[in-house]
Amino acid sequence: MKRSLAGRIWPNATAIVLAIGFVFPVYWMFNTAFKPTGDIISDVPVWFPVNGTFEHFVTAVNAPNFWTLAGNSVLVTVLAVGLSLLIALCGSFAISRMRFKGRKGILLTFMVAQMAPWEVMVISIYMIVRDADLLNSLVPLTFFYMLMVLPFTLLTLRGYVAAVPKELEESAMVDGCSRRQAFVKVVFPLLAPGLMATSLFGFITAWNEFPLVLVLNKEPAKGTLPLWLSQFQSQFGDDWGATMAAASIFAIPILILFLFLQRKAVGGLTAGAVKG
Amino acid sequence: MAVQLDDAVEKAAPRIGKGGAPPAGRGTGSRRSRVARGTPYLLLLPALLATAVFLGWPMVRNILLSFQTLNMKELIQHLTVWTGTGNFQEILGSGEFWRVTVRTIVFTGVNVVLIMVLGVLIGLLLARLGKKMRLTLSVALVLAWAMPVIAATTVFQWLFDSRYGVANWVLDQLGWHSMAHYDWVGTQLSTFFVITLLIVWQSLPFVALNLYAATTTIPKELYEAARMDGAGTWKVFTSVTFPFLKPFFLATTFLEVIWVFKAFPQIFAINKGGPDRLTETLPIYAFTEGVGNLHFGMGAAISLLTILVLLGMTAYYLRLTLKQEEDEL
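Heads up: the protein sequence lines correspond to chains A and B, in order. So the number in our numbering is just where the residue sits in the first sequence, counting from 1, plus 6. So the number in our numbering is just where the residue sits in the second sequence, counting from 1, plus 1179.
No wet-lab data here; the hints were simulated from the structure. Cβ coordinates follow ideal geometry from the N, Cα and C atoms, glycine included. Errors might be hidden in some of the hints.
As the list claims (entries may be wrong) - If you only want the chain B side, here are some residues facing chain A, beta carbon under 10 Å, derived: (1) W1324; (2) F1335; (3) A1404.
What the hints assert, rightly or not - Which chain A residues face chain B? A few, computed with CB under 8 Å, are given here: (4) P31; (5) V67; (6) P70; (7) L91; (8) A94; (9) F99; (10) M104; (11) L160; (12) A188; (13) F194; (14) P195; (15) A198; (16) P232; (17) L235.
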């Protein structure tokens, strides 16, 4: 079916406007981060970082505790996601491959757990952690982050595990593998993309978490990067260059991960939708 | 945001694994089968245990706290003072709680409607574009989607900075001169405008990309048939796309409701619920009363009520899901 000229132009024109609209805040962050202060506080915005500089990144990185907090963030995020992957993989295997009493109830438990309003539960979590004398420690953060991503991880992996044909596993078992060997040698390699996609979303959740760390770890050196970033601006007054550099540093790992994995993630997660 | 994706897929995606799984460990000998019968529970034990400890316990603790008076004094001296329903009486009797509740519902409603309508439109646009243009727009969407919440919030504060923000400069150039040096966080409405823009900007990619992905699963014949019957764009949407993707729409709306309702860093970081606490939604209200003003018992009671409001808002969908689960299993 041929479309009229106008019919061909308006979708593309709209798409261009939209693309600019969506990219602009991200672009503006990097643009500001690379501009010298004079270009940032000018009455007419400087649209391109023509006099590029790294001074704001230096300021941001030299801010108190930056490296400690970055280390904390990486440690907590990786541990939380790793642990939840491990636990979820076991659970999702049981749920998608085995039939047992209480399966439905367990499934519902995780679905409800996924909706948990962590943001409003900070008070009771604070009390629990304080009573355990673990305020300003990374241990409770790690475990709570693990649980924040666990239901999602488990429910998503369930789909991936189910998508691996059972026959593959069975034929491996006929060939003399034990059930565990069949899983490790046959199912696990096929799950790799699913594990990556799932870990991406877990990674983002843990990397971004803000309310809990805000309440639990008040000691400056015990926080994580979201806390650092949200307080950066008040510490540095109106140094927008340094603030945007800090925001860039915080965003870059996720942006890179996302660009790498998003095709897999969106494709993988919707693959289930296709086969229904 | 991660939570969203799964569930959308969860619902949009009929579960593939179901039905196919034969009972575990049938056949071989009684001892073997007893071991096998225990296997699923053993595999699920860590997950269930972790959920009970790190989610169940805080939940129970929250309920207990909401019936206690717990201010600075009690906190420091580790006292437990029960007040019965005192906290709830005080909260429900104050006009403030109801104002915040209504505000939260309106805020959630406006955001979700904007996100769903615009998201669907962008998703349908993606389906109409040529390959190159689609890739361009997709990359732009992914970048916005991937922006960490706190980083995005900081960037929006900068965009809407009163002195050097681009937004004010553009509005001024467009002839709206009173907007030069406009203080966006000075009034309730303008603060909400910035917050809404931020949330909608961040949520649209999820809806748009997934809707596009979902539309590719609709059999082409359906569209052809509809076109043959002379249906226009709108008619095609209401008679083919919408009915086919109904589970997707339901799930996505549900997730967006939860996500917008719980939005914390965006509102908190932009203006701490100000000016004059006029942009506090329920989660922020619970936080400010509890942690900020050191009325922990009161804060716990508010958060319990907040959970009830959220459950009320999502009840329709939850009931639907529960029924579906029953039919399926």
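Status of each hint after checking the structure:
The interface hint given for W1324 of chain B is met, as the beta carbon of that residue sits about 7 Å from the closest beta carbon of chain A, less than 10 Å. Taking 10 Å as the C-beta cut-off, the interface hint given for F1335 of chain B holds, the closest approach to chain A being about 7 Å. At a threshold of 10 Å, the smallest CB-CB gap from A1404 of chain B to chain A is about 14 Å, leaving the interface hint violated. With a least beta-carbon distance of about 5 Å to chain B, the hint placing P31 of chain A at the interface is held under the 8 Å criterion.
Annotation: V67 of chain A was flagged as interfacial toward chain B, and the flag is violated, the nearest CB pair being 16 Å apart, outside 8 Å. Hint status for P70 of chain A: violated, given a least beta-carbon distance of 18 Å to chain B, over 8 Å. A cut of 8 Å between beta carbons decides the hint on L91 of chain A: the least distance to chain B is about 11 Å, and the hint is violated. With a least beta-carbon distance of about 6 Å to chain B, the hint placing A94 of chain A at the interface is held under the 8 Å criterion.
For F99 of chain A, the interface hint holds, the least distance from its beta-carbon to any beta-carbon of chain B being 6 Å, beneath 8 Å. The interface hint given for M104 of chain A is met, as the beta carbon of that residue sits about 4 Å from the closest beta carbon of chain B, less than 8 Å. Hint status for L160 of chain A relative to chain B: holds, with the closest Cβ pair at about 6 Å, below 8 Å. For A188 of chain A, the interface hint is violated, the least distance from its beta-carbon to any beta-carbon of chain B being 14 Å, above 8 Å.
The interface hint given for F194 of chain A is violated, since its Cβ lies 14 Å from the closest Cβ of chain B, which is over the 8 Å cut-off. Look at P195 of chain A: its Cβ only gets to about 18 Å from chain B, farther than 8 Å, so that hint breaks. Look at A198 of chain A: its Cβ only gets to about 18 Å from chain B, farther than 8 Å, so that hint breaks. Look at P232 of chain A: its Cβ gets to within about 5 Å of chain B, closer than 8 Å, so that hint holds up.
The criterion of a C-beta within 8 Å of any C-beta in chain B is met by L235 of chain A, whose closest approach is roughly 5 Å, and the hint holds.
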